[in-house]
Amino acid sequence: MYIKKDIERFIQICEYLGINSNISTITNRIIIQKVFYILKKFGLKFQSRFNWYKYGPYSSYLADIYYQIDSF
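Take any residue in the sequence shown, count from 1 to its spot, add 10: that is its number in our numbering.
It should be emphasised that the hints constitute simulated quantities derived from the structure, not laboratory data.
Just so you know, even glycine gets a beta-carbon here, dropped at the ideal spot from N, CA and C.
Treat the hints with caution; some may be incorrect.
Below are the BS3-like pairs computed for lysine-lysine, each with C-alpha atoms no more than 25 Å apart in a straight line [what the hints assert, rightly or not]: (1) Lys15 <-> Lys50; (2) Lys51 <-> Lys64; (3) Lys44 <-> Lys55; (4) Lys15 <-> Lys44; (5) Lys64 <-> Lys14; (6) Lys14 <-> Lys51; (7) Lys14 <-> Lys55; (8) Lys50 <-> Lys64; (9) Lys64 <-> Lys44; (10) Lys44 <-> Lys14; (11) Lys50 <-> Lys14; (12) Lys64 <-> Lys15.
The following label-pair restraints were derived from C-beta to C-beta distances [stated by the list, open to error]: (13) Leu27 <-> Ala73: 24 to 32 Å; (14) Ser70 <-> Lys14: 14 to 22 Å; (15) Lys64 <-> Lys14: 15 to 23 Å; (16) Lys64 <-> Lys15: 26 to 34 Å; (17) Gly53 <-> Glu18: 28 to 36 Å; (18) Ile41 <-> Gln78: 17 to 25 Å; (19) Leu27 <-> Asp80: 16 to 24 Å; (20) Lys44 <-> Gln22: 17 to 25 Å; (21) Asp80 <-> Lys15: 15 to 23 Å; (22) Thr35 <-> Ser70: 15 to 23 Å.
From just these sequences and the hints, can you work out the full model?
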């Protein structure tokens, strides 16, 4: 479903941008989704596909990645 390269890229981008990758709050999850949506619009090569959802752009692929990381 997700590829290791995208997990590594997700971690690197969050660290570089200083994004709190703690997904325990909905606010942090919304911020992550919006930041990655904007980055993808600016050309970031990331396998996620975004749809519009209650709080704006949402990618289930991206959510799978951060939930997988959180489970470690």
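Structure-based check of each hint:
Under the criterion of a C-alpha separation no larger than 25 Å, the hint pairing Lys15 with Lys50 is consistent with the structure, at around 16 Å. Under the criterion of a C-alpha separation no larger than 25 Å, the hint pairing Lys51 with Lys64 is consistent with the structure, at around 20 Å. Our distance criterion of 25 Å between C-alpha atoms is met by Lys44 and Lys55, whose separation comes to about 16 Å. Annotation: proposed proximity of Lys15 to Lys44 holds, straight-line Cα distance about 20 Å (limit 25 Å).
Distance check on the hinted pair: Lys64 and Lys14 sit about 28 Å apart at the alpha-carbon level, beyond 25 Å; violated. Restraint check for Lys14 and Lys51: satisfied, since their Cα atoms lie roughly 22 Å apart, inside the 25 Å limit. Of the supplied pair hints, the one linking Lys14 and Lys55 holds, its CA atoms being roughly 14 Å apart against a limit of 25 Å. Of the pairs offered as hints, the one joining Lys50 and Lys64 holds, with about 20 Å between alpha carbons and a cut-off of 25 Å not exceeded.
At roughly 12 Å between alpha-carbon atoms, Lys64 and Lys44 fall within 25 Å of each other, so this suggested pair holds. Distance restraint check for Lys44 and Lys14: the Cα-Cα separation of roughly 22 Å lies within the 25 Å cut-off, and the hinted pair is therefore satisfied. At most 25 Å may separate the alpha-carbon atoms for a hinted pair to count; Lys50 and Lys14 meet this at roughly 18 Å. Taking the CA atoms of Lys64 and Lys15, the gap is about 28 Å. The hint is violated against a cut of 25 Å.
For the pair Leu27 and Ala73, the supplied restraint of 24 to 32 Å is violated, since their beta-carbon distance comes to about 18 Å. Between Ser70 and Lys14 the beta carbon distance is about 18 Å. The supplied range of 14 to 22 Å therefore holds. One distance hint, 15 to 23 Å for the beta-carbon pair Lys64 and Lys14, is violated here, with the actual separation near 30 Å. Lys64 and Lys15 have their C-beta atoms about 29 Å apart, which keeps the hinted 26 to 34 Å range intact.
At about 19 Å, the CB distance of Gly53 to Glu18 disagrees with the hint of 28 to 36 Å. Roughly 18 Å separates the CB atoms of Ile41 and Gln78, a value that falls within the hinted 17 to 25 Å. The hint said 16 to 24 Å for the Cβ distance between Leu27 and Asp80, and at roughly 18 Å that hint holds. Between Lys44 and Gln22 the beta carbons are some 18 Å apart, a value that agrees with the proposed interval 17 to 25 Å.
A hinted range of 15 to 23 Å holds for the C-beta pair Asp80 and Lys15, which are about 19 Å apart. The supplied range of 15 to 23 Å is met by Thr35 and Ser70, whose beta-carbon atoms lie about 19 Å from each other.
Going down the numbered hints, you'll see the structure goes against 5, 12, 13, 15, 17, while the others check out.
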